[in-house]
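Asks: This is what each chain is made of:
Number of protein chains: 2
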Amino acid sequence: MDQTDKMQNHIIRSRLDALRILMKQKQIDFYLVPTGDDHQSEYIGDHYKAREYLSGFTGSAGTLLVSAEMAGLWTDGRYFIQAEKELEGTSIELFRMQEDGVPGLTEYLAGQVWDGATIGFDGRVVSAAFQKGLLHAMPKIIQICSDVDLADQVWTDRPDRSADQIYPLEKSLSGMDTAAKLGMLRKCIDEMTADAVLLSTLDDIMWLYNLRGNDVLYTPVALTFAYITKESAWLFAEKSAVPEETNRYLTTNKITLESYDQIYEFLMKVHQERKKKLLLDTAAVSLTLYEAAAAGHEIIDLPNYRLIPKAVKNQTELELCRNYHLADAVAVTKLICWLKTHPDISEETELSVADRLEGYRKQQKGYTEPSFETIAAFGEHAAMIHFTADTETNAVLRREGMLLLDSGGQYVGATTDITRTIVLGNLTDEQKQQYTAVACGMLKLANTEFLYGCTGRNLDILAREPLWKLGLDYRHGTGHGVGSFLSVHEGPQAFRWKMSETQPEVVLEPGMIITDEPGIYIEGSHGIRIENELLCIEKRANEWGRFLGFEVLTHVPIDLDAILPEQMSDECKKMLNVYHTEVYELLCPYLTDNEQKWLFTQTREI
Amino acid sequence: MDQTDKMQNHIIRSRLDALRILMKQKQIDFYLVPTGDDHQSEYIGDHYKAREYLSGFTGSAGTLLVSAEMAGLWTDGRYFIQAEKELEGTSIELFRMQEDGVPGLTEYLAGQVWDGATIGFDGRVVSAAFQKGLLHAMPKIIQICSDVDLADQVWTDRPDRSADQIYPLEKSLSGMDTAAKLGMLRKCIDEMTADAVLLSTLDDIMWLYNLRGNDVLYTPVALTFAYITKESAWLFAEKSAVPEETNRYLTTNKITLESYDQIYEFLMKVHQERKKKLLLDTAAVSLTLYEAAAAGHEIIDLPNYRLIPKAVKNQTELELCRNYHLADAVAVTKLICWLKTHPDISEETELSVADRLEGYRKQQKGYTEPSFETIAAFGEHAAMIHFTADTETNAVLRREGMLLLDSGGQYVGATTDITRTIVLGNLTDEQKQQYTAVACGMLKLANTEFLYGCTGRNLDILAREPLWKLGLDYRHGTGHGVGSFLSVHEGPQAFRWKMSETQPEVVLEPGMIITDEPGIYIEGSHGIRIENELLCIEKRANEWGRFLGFEVLTHVPIDLDAILPEQMSDECKKMLNVYHTEVYELLCPYLTDNEQKWLFTQTREI
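Chains P and V supply the protein sequences, listed in that same order.
Heads up: the first sequence begins at 1 in the numbering used here, then just goes up one per residue.
Heads up: the second sequence begins at 1 in the numbering used here, then just goes up one per residue.
No lab work stands behind these hints, which were simulated from the structure alone.
Honestly, I wouldn't trust all of these hints.
Since the list can't tell identical chains apart, any single copy or any two copies may satisfy a pair.
Said to hold, decoys possible - Simulated pairs of lysine to any residue, SDA-like, Cα-Cα distance not exceeding 25 angstroms:
(1) Lys269 <-> Ala117
(2) Lys26 <-> Ser91
(3) Lys362 <-> Glu191
(4) Lys597 <-> Asp149
(5) Lys469 <-> Lys574
(6) Lys498 <-> Gly549
(7) Lys239 <-> Val506
(8) Lys432 <-> Asn447
(9) Lys539 <-> Ser569
(10) Lys469 <-> Val312
(11) Lys498 <-> Arg540
(12) Lys140 <-> Gly101
Since this is a predicted model, take the numbers as computed values, not measurements.
Take these sequences, add in the hints, and give me the full structure.
Replies: Encoded structure:
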């Protein structure tokens, strides 16, 4: 441990001490600091990184528990090594989630609490379901204190909540004006015989009001809440984030602007005369928001996707999507060409590849930022599904094995997500066999046709079966929805095979975009994943019903250096050849002569 | 209409008149006569055919509604033609279920009832759920009278309820003695913190007590009820049906015998001191039974398959299953050989083929009866999924098109179900294309490997996709469970793709038997179905999990005269060739020289 680490540990210990003094004042016996914001966002802003501030652990997932006697951090397998290192010497114990013999957070708490013990947390960053589960699991009668943000008092130099400029999205980008969207929503309100809707998920609000912002990393959204009745609509946002143009736009669309912090008071007071029926998604709102809403409303629980049909893209969104996917494919293909053909990559690292890719994307018109943190994972790093390099782990590339590159871009009008696994040197036969199976699975799913009514659970096996037949599997879903210049992970559609009580199983609808990304991960050795985005489309309708299929949105070559044609059926070979012909034809106009020549070989018929 | 028809119509009208007099006496405004017995059996005995007696309609499904002004019969598409003919002149109106503009029975009733109207039916032949649904759907406040069997009073020469001899099944056939099965069941009772179990589904009772009988067509079961507590067990059966040997067997196993009709009184009185917790499957018991049980118990609703694990076969059952499947395959293959090679089939009809097949089955040791009514459907008849020939529809075979033959046998220790579509003459290219797609689907499903946790909904697409890619579909599930010398349709496992709120979705377990029977049905032209039975087995276990697959139980050639090898992938061709090699090797020892020669060609490599 060097001097800097010692200093850091000292700082963490004193922050915990300060927290414990506040806990004692407030008579809180156990204080929880989860990782979240007021909107259940996948990525959170610096203002919300209280768990990181108090524990020193910088991973994107984890919960800190502090009592008078102990401090513990619960995180998952992605972060065990990082957390171990970062927590060393801080007095915080690491609890490896899902490991045998390691109690979960709730289980641990259940063993510690006594009758009358008080558990505290900031109710704005946990869900109503979290509190319910916690109370249910405790063997003693405990108190909950959810209206405190103790971290805020310890964190003297806490960054302000981001309040970047909010701007309207033109109809040429959204494809549907706000009045029409509000009309659809109000029809839902009517159908549910309800009075109002409360939204706190940022992408839903941005979609509905045709707004965008810049408050959350990787996602063009603004920190806001929305409340809509049959006659009126409100937007709760930091007023400084709303410039004159946006203000005019809101006025034109009869959306009343209120301060971000006013939402709680508003909810309690909005219908003082009689309780109105409020539609909200209990899985998506925070505990504090739920309680404020419940104080003034009769709550009807409804998943947001039933109210906000953003998963089904309109023609404008699809046209933008196709165009930007092509631009994105050009950037990724240029990067792959460079990697495959550059005489010397010995100076190149995982991080520099990510930067170089970002450079190619920046050359594309409309590009704004990555849609998530690029995964550039060389060799055995790729076996860690969520690996992202940092300055310490950053591997130098060599002409051997493979580089897994999973990345995406935000473009003004579209969001992309693509994975290619690039062969840099010799592979074993087994690696090629696995690569071929992954490619076949990806292609088989993309090329299927199915009757309307199928869900992702019906189709998942098409991608997975080639691996299952080899006795292999990947421990993640096969695909997720993608937003339109919004979140890169967007529900409700998904390709997965397991039954789930918490995840909805929804019918695939034409206009939905969904990724197709089978893979294989061999610990300590290598990882392979190939990902295209698919658009669900109508194929034909006849006496048997409506047949749907997919249009492939992603056009980047699949590395033939790892493909074993003899392992593929004629059908699969044809699928790959057809795909590569399209890739070549679409990308050529945007490539240099050398790149074109290279691509010609890379997309040759097998 | 001939003289006999006129006489029959007169009889039906006078039966309805008699029913209406009774209805008036009992102040019943609408009387319902469904098709069912006290056990929700798939096939019902003659004693229970009240609907047929009162309406003259002989189909296996339908409900009769009688009021002072009208009489109507609701049945499904399988029976429209037959019902139209049989109801002509009876004054009974035919309601074609699922047809546009035709109200369902409940919908129709909802439009007819008035405040205070009384709807009557025999509560022993409808489910508790039926009454609930009925009450829910009525727009007026109605009365229900469910303790009447008016048909019984009209039906003067009603056959007695069957009470054939009940006999115990040796352990060499059941594989598990009754004490062990009761032990398992009592463990379930404990786990559910309940006191007792009530069973009325006959195959569950037969499995649990290792008994068989002969009261229901096609199924070796006896009309019984069972009630089991942690200490005691009861069988309710017609005492005349229990011979001395069976009586001794029951005594040895500490099963108390009570009269069949005593069950209702028993349920109300068994725990007079305090209400005990009773496990029962509300979807499986009759309304009358449910009400009797509820009078003396606190009811815990649990599907029977959670208590009676008969779907997972034991080693003894599987060995018998394999042996009898081979015997059955010999019978079916001999029939196919005869049909394909006999110089003159112009005297042969759909019914005579069924008889001839029965003849071959009777030559097999252990055969007792068909496991369901044989479907022998020639040409366009095969487009009707549930077609069974009668003396009027019975088609004479010709050397053209195809014969669909779906049949099965009960053997002392196993139940079989197999479909082959046999080419009798020239086919169109389209027919061959469809036949090949059906065969490929059947083979792909049979040859898959999958992780433990998959249900039939995950796998169904493997059989269906080859047809979906041609823009075709079949409007039935791909497969159902099969009993061990019990019902040919047995839950809970199934291959199907649609989500269902009423059908359970259960994980496939090693030891489950399930049919694999894709098809295609072109109205007015032809029908194709190919069905093998599959046994779910362990394939391998490794770091990724337990991989399961299927062992094929059915070994009968698939007609190569309809197969287009050029339409099949190499993988599919290999599956078919491997299957045919097995068929040839397994069946040869049981065939004549000529049959062997024929089979050699029929199972040639493609």
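Asks: Decide, hint by hint, whether the structure agrees.
Replies: A quick look at each hint next to the structure:
1. Lys269 <-> Ala117: Neither. Shortest intra-copy (32 angstroms) and inter-copy (49 angstroms) distances fail the 25 angstroms Cα cut-off.
2. Lys26 <-> Ser91: within (23 angstroms within a copy, 82 angstroms between copies)
3. Lys362 <-> Glu191: neither (45 angstroms within a copy, 62 angstroms between copies)
4. Lys597 <-> Asp149: Neither. Shortest intra-copy (60 angstroms) and inter-copy (85 angstroms) distances fail the 25 angstroms Cα cut-off.
5. Lys469 <-> Lys574: Both ways: Lys469 and Lys574 sit 21 angstroms apart in one copy and 15 angstroms across, limit 25 angstroms.
6. Lys498 <-> Gly549: Result: close both inside a copy and across copies, 22 angstroms intra and 17 angstroms inter.
7. Lys239 <-> Val506: Classified as neither; 38 angstroms inside a copy, 53 angstroms across copies.
8. Lys432 <-> Asn447: both (22 angstroms within a copy, 23 angstroms between copies)
9. Lys539 <-> Ser569: For Lys539 and Ser569, both the intra-copy (24 angstroms) and inter-copy (23 angstroms) Cα distances are at most 25 angstroms.
10. Lys469 <-> Val312: between (34 angstroms within a copy, 24 angstroms between copies)
11. Lys498 <-> Arg540: Intra 29 angstroms, inter 19 angstroms, cutoff 25 angstroms: inter-copy only.
12. Lys140 <-> Gly101: within (23 angstroms within a copy, 60 angstroms between copies)
Violated hints, in rising order: 1, 3, 4, 7; the structure is consistent with all others.
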